[in-house]
Every structure is written in C-alpha cells, then in structure tokens.
Amino acid sequence: MKFLCLDCDAPMKLHSTEGPDEGSLAVTFRCPECGFRVAMLTNPFETQMVRSLGVKVGGRAQEPAPFEHLRSMMANPRADAFEGEAGGETAAGPGCPFAAVVNDGAAAPPETVPWTSEAEARIERIPSFIRPMARRAIERFAADHGYATIDETVMNEARGAFGM
Amino acid sequence: MKRYRDIAGDGGSNIVGQVEAQLGKLRQRLASVGAVVAVVSGKGGVGKSTLAANLACCLALDGSRVGVLDADLNGPTQAKVLGVRGRRLVVTDEGVEPPRGALGVKVMSMDLLLAADATPLTWDAPVQDEAHTWRGTVEANAIREFLADTNWGTLDALVLDLPPGTDRLLTIASLVPTLGIVIVTIPSDVSHLVVRKSITVAAQTKSPVLGLVENMAGLFPGPDAAKLAADGGIPYLGSVPFDRELAVSADRGEPLVATAPERESARALQLIARAIRAALAPRAV
Ligand SMILES: Nc1ncnc2c1ncn2[C@@H]1O[C@H](COP(=O)(O)OP(=O)(O)OP(=O)(O)O)[C@@H](O)[C@H]1O
Ligand SMILES: [Mg+2]
Ligand SMILES: [Zn+2]
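Chains A and B supply the protein sequences, listed in that same order.
Just so we're aligned: 65 in my numbering is position 65 of the first sequence, and the numbers increase by one with no gaps anywhere.
When you read off a place in the second sequence, starting at 1, and then add 1000, the result is the number in my numbering.
Looking at chain A on its own, in the form it has when it is part of the complex (with noise of 0.2 angstroms):
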C-alpha cells in the first residue's frame, strides 16, 4: 500500500505508528511538500495479516529476535521452554521479553463488566472479525458510564453513542 498526496502528487512518507489497539494498528503518513498527514487505520484481521507475514508495519529498528514470530504467535506456549526465563505466565506469550520487539499482537483486555445472556446472545450476531472490537467498545462504555453489567439497555445506549 502506498500513499500519494493529490495536491502535491507527492508520494507521502511513513511518519508515525501506533498501536495495535484493540487490534487495529494506526500508521501515519505524512506529504513531505505540503505537510498533509493521513491516519490509515487497520481493522483486526489486516493487523493479522501482517502478522502473520512476521514483518512491522514502520520498519524495523532492530534484528528479529530468535523465533520472534513462533513465540510471539503462539497461543500456548510452553512456560518453562526457554532456559533461563521464568516459568509462569511471563515467560511467554503476551508477556514474553520478545514481545516487546513485536510492533503488534492483541493489547491485553481491558477489566470486563460481566454481560447479560440477552446481551451476549445480541453480540454474538456481529460479524466474528469485527466483534472482539465492538465486544470491548461496549465493555469500555459501559465502565466509563458506571454501569455493573451489560445488557440490552447499556447496548442500545453504547450504540447510540458510537453511531452504530
């Protein structure tokens, strides 16, 4: 993917990136003539995508560590694999010293409110690859807000706020 700028007709240069953030990775790009920047915003399964490919999205300022990838995509590693690290939840995963290195991988769930069946049964009905991200939306609303559970009435309200 490239970015051109149509006042400039300048190609525009990688200037920031953020993230991921509930999956979604924010990569900046900024016309080097006249300034303009650009937000492109990932949804989770184009993070994945390059992911899985074992590249970052803004370069690399360092080597891969080793099986970097493999151990940053495993969901669950062995935790005593790796001479001298800790066993535990630590030692790999999310949590793993390489992780660090990895400019992506889900960011930790946030506390979650406990969610009605009804609730649960209406989220389950949003398409899977934008779910986990409306899932901790609504989670986020409804702990800013206060509110103890999630139900029909906390959704509806979150969905008025968002738009959706």
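Read the hints as simulated data drawn from the structure, not as lab findings.
Be aware that one or more of the hints could be misleading.
Chain B is faced by these chain A residues, among others (derived, beta-carbon under 10 angstroms) [what the hints assert, rightly or not]: (1) LEU41; (2) PHE67; (3) ASN76; (4) GLY84; (5) ARG159.
Per label pair, the in silico range of CB-to-CB distance [unchecked claim]: (6) GLU18(A) to ARG1005(B): 22 to 32 angstroms; (7) LEU41(A) to LYS1002(B): 19 to 29 angstroms; (8) HIS1132(B) to GLU18(A): 28 to 38 angstroms; (9) PHE1242(B) to GLN62(A): 45 to 55 angstroms; (10) HIS1132(B) to ILE126(A): 16 to 26 angstroms; (11) GLY84(A) to ARG1027(B): 55 to 65 angstroms; (12) THR1122(B) to GLU124(A): 15 to 25 angstroms; (13) GLU18(A) to ALA1278(B): 56 to 66 angstroms; (14) GLN62(A) to ARG1196(B): 42 to 52 angstroms; (15) ASP1129(B) to PHE36(A): 34 to 44 angstroms; (16) ARG1196(B) to PRO114(A): 38 to 48 angstroms; (17) GLY84(A) to SER1032(B): 23 to 33 angstroms.
Quick reminder that beta carbons are idealized off the backbone N, C-alpha and C, glycines included.
Use these hints to put chain B with the ligands onto chain A, whose structure you have.
Below, chain B with the ligands alone, put in the same frame as chain A:
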C-alpha cells in the same frame, strides 16, 4: 497523477526489505549445512518420522554431523523419537541451541515449545474461529524461523520430517531450493495411489527428488514399490521391513539403528542412508 509503480518504496516500512532480510538470514544459516533432505509422503502414518530419525542416525553413525528439524508442527514426534522431550532451549547470540539427541543428532521440534502433551498447536488470532485463515502463512514463517534461527552450526546434513501431504513440501522447497526429497510409501494400493501424486508434486518443485523408500515391507502383500518409482521416473532407494522393534525403540527415544544396528531393518536403513548419501554426493555430505 502518479500511479502505484511510479512510487519507489512503501513510504518507510520497507516490508520488502524486511522479507529480504528474513531470507538472507536463512541463506546465511544454511550456508554451513551441506545438504537439506526432506522426508515426505502424501500418505499419513507410513513411517516418515521413523525413517527421518533413523536415517539421520545412520548418517551420524557413518561420521556425519546431522540435524533433524521436525517440520510437522501439529503432530511433532522427533523430540520423543530422538530422546530430547522436555529439554529447555538456550538462546545465545548465535540463535537457539538445538538439544542433542541420540548419537549427538541436533533436534528442533515444536514439541519443545508446546505447553503440555494434550495441548494442540494454536496460533494467536483476533478471533480463533478465523485462525485457520492465517495458518498457512504463520506456519510457513514458523518453519522459516526454525530453519534460520536454530543454531545448527556446521552440519553435513539436515533432515526434515514433514507432516503428511505435500503442502509443507512446497513451502519448504520455496525456502530451500536445493532441498533433496525422499518420498515414502508402504506396500498397499491405497498408499501407492496417493504417493503417485506426491511424486508428481515433488517433481514439479525445482528441488532434486532423491528417490522413493518402501516402508513396512512384508506387513501385507502389496504392489511393487520399485515399479512405482520407475513409473514416476525417480530412483528407488530401497525397502525397510516391518519390524515391531522399530516402533518399540522409537517409543523409547532410542532409534533402532543406534541400539541394534545388526537387525535386518536397521541394515536396510543403513543401505538406504548410503544411497541417499550417494545421491547427495555432488553436494558432498
Ligand atoms: N518399518 C516399521 N515397522 C514397524 N513399525 C513401524 C515401521 N515404520 C514405522 N513404524 C511405526 O508406525 C507408526 C507410524 O510411524 P510414523 O509416526 O513414523 O509415521 P509418519 O508417516 O511419520 O506419520 P504421520 O503421517 O502422522 O507424520 C509409529 O508407531 C512407528 O513406530
Ligand atoms: Mg510423522
Ligand atoms: Zn502534499
């Protein structure tokens, strides 16, 4: 207005450069490996893993420096068969050190990275329901990393144990064009039917096909493997008899060729290993 191909580069991520760097690292690692040999079959359960481990040990017995990469990510068995299950991996500046199993053979396997015996390999994905969509790409990258990031050191041969089917063969042949391919069948019409297709797939890669091995000979009467090889236009490397000791020793983590080299099956394996060595001779194993 400029078009896509008028613009050089991708604005700063240098994705192409990153992929080239990955492949450069792989080439560099394999520069000190004499030959890479893949053991494949379109058919499951025909003894690919057993042969891969025992052939690696045969080469080691003849004085070669040998490694085994378990390229079966979902059904890894080499750590078990070569006796390195549960070993912990050490990371150095040179990469990840492969544990040494039977006869000093260096082993790398997904088994060493999986949490528990009953844990299947699953990849992280935004939605698990869709994880299969990414599996091919993720696993191709995992294989590349196993090849490139393991500190194999100087090897005469690196033997790859592939999962059933030919998908993984195509992935690996694209990463390692000089790969030597060994195809395995058992003496049944059903196996020959599938393996005939595997021979076609192997021949379509740019990699040399070293030949066909028949395994579990004598278990049941069946079609002629030498004829299957001849029909497919590939060399016939030999036949390994059905021998329950092969299975028993694999389960013990001590390949039979190391513990009972005088058995008929072990001798057959040694002959096949020598045929493979001869086929690789131009590349000096
Ligand atoms: N020649 C033989 N005689 C007796 N048993 C054998 C022989 N070859 C393999 N076996 C046994 O048959 C079983 C299947 O062998 P193996 O796991 O090597 O097959 P595979 O082709 O690698 O299977 P997969 O397709 O699942 O990877 C194992 O228990 C193994 O010990
Ligand atoms: Mg196998
Ligand atoms: Zn501009």
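Q) Could one say that the CB atoms of GLY84(A) and ARG1027(B) fall in the range 55 to 65 angstroms? A) At 29 angstroms between Cβs, range violated.
Q | Outcome for the supplied range 22 to 32 angstroms, where the beta carbon pair is GLU18(A) and ARG1005(B) | A | 29 angstroms, holds
Q: State, for the Cβ atoms of GLN62(A) and ARG1196(B), whether the hinted interval 42 to 52 angstroms holds or is violated.
A: 48 angstroms, holds
Q.
Interface hint check: LEU41(A), Cβ to nearest Cβ on chain B, cutoff 10 angstroms. Holds or violated?
A. Where the cut-off is 10 angstroms and the nearest Cβ of chain B is about 14 angstroms from LEU41(A), the hint is violated.
Q. Between ARG1196(B) and PRO114(A), does the beta-carbon spacing fit 38 to 48 angstroms?
A. 57 angstroms, violated
**Q.** Whether the CB-CB distance between THR1122(B) and GLU124(A) falls inside 15 to 25 angstroms
**A.** 21 angstroms, holds
(Q) Within 16 to 26 angstroms: is that where the Cβ-Cβ distance between HIS1132(B) and ILE126(A) falls? (A) Once the Cβ atoms are compared, 20 angstroms apart, the range 16 to 26 angstroms for ILE126(A) and HIS1132(B) holds.
Q: Could you say whether the range 45 to 55 angstroms given as a hint is met by the Cβ separation of PHE1242(B) and GLN62(A)?
A: With a Cβ separation near 52 angstroms, PHE1242(B) and GLN62(A) satisfy 45 to 55 angstroms, so the hint holds.
Q.
Hint PHE67(A) vs chain B: min CB-CB distance below 10 angstroms?
A. 5 angstroms, holds
Q) Would the hint on ASN76(A) stand, with a C-beta cut-off of 10 angstroms toward chain B? A) 5 angstroms, holds
Q: Given the hint of 34 to 44 angstroms, check if ASP1129(B) and PHE36(A) actually sit that far apart at their C-beta atoms.
A: Holds, since ASP1129(B) and PHE36(A) (Cβ atoms, about 39 angstroms apart) stay within the stated range.
Q.
Quick check on ARG159(A) please, does its C-beta sit within 10 angstroms of some C-beta on chain B?
A. Violated: closest Cβ of chain B sits about 21 angstroms from ARG159(A), beyond 10 angstroms.
Checked against the numbered hints given earlier, the structure breaks hints 1, 5, 11 and 16 and satisfies all the rest.
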